[in-house]
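Counting along the sequence shown from 1, when you hit position 72 you're at 72 in our numbering, and nothing is skipped either side.
If you're looking for bench data, these hints aren't it; they were derived computationally from the structure.
Glycine residues also receive a C-beta, built at the ideal position from the N, C-alpha and C atoms.
Wrong hints could be hidden among the right ones.
[Stated by the list, open to error] Quick list of simulated restraints, FRET-style, between CB atoms: (1) GLY70 x GLU27: 23 to 31 Å; (2) LYS60 x SER84: 13 to 21 Å; (3) LEU34 x SER73: 29 to 37 Å.
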Amino acid sequence: MPVWPGTAVTAAGSTNPPRAEGDDGIEWAIRAILDAPSHISPPMGRVSSCTVVLRAYIKKTAQGVRDAAGALSADDPRCAAAESSAAEGLHRVSELGPGSGLRSAFDYARALALVARELRGHMGEIAS
1 MPVWPGTAVT
11 AAGSTNPPRA
21 EGDDGIEWAI
31 RAILDAPSHI
41 SPPMGRVSSC
51 TVVLRAYIKK
61 TAQGVRDAAG
71 ALSADDPRCA
81 AAESSAAEGL
91 HRVSELGPGS
101 GLRSAFDYAR
111 ALALVARELR
121 GHMGEIAS
């Protein structure tokens, strides 16, 4: 019997979008979550794997963003924005979780992906 009744599809196929050349994994996770329609959750396996990647990235990067922001002058608006994003990311990683159910897990992953994207932007902006 086909996996998807009424179709000729007999296998569900990959749950992961293809990675671009040189992709470090975080771009894949951000794209996989943020490019998904907000009203249709991706498969649980994709949500779970992206959440693991996003949480690890935020834990690692938030401290680097804080350190880089600390090197800026206190009146630099980039400093406050970077520190705010780092604090939000660390809060989401250490204090919040995916909840129960696919919808809750997907919403949590979306929030992590948005923070990760912000942190990447801050690192690029502060480093230049």
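Evaluated hints:
1. GLY70 x GLU27: 23 to 31 Å: holds, 26 Å
2. LYS60 x SER84: 13 to 21 Å: holds, 18 Å
3. LEU34 x SER73: 29 to 37 Å: holds, 32 Å
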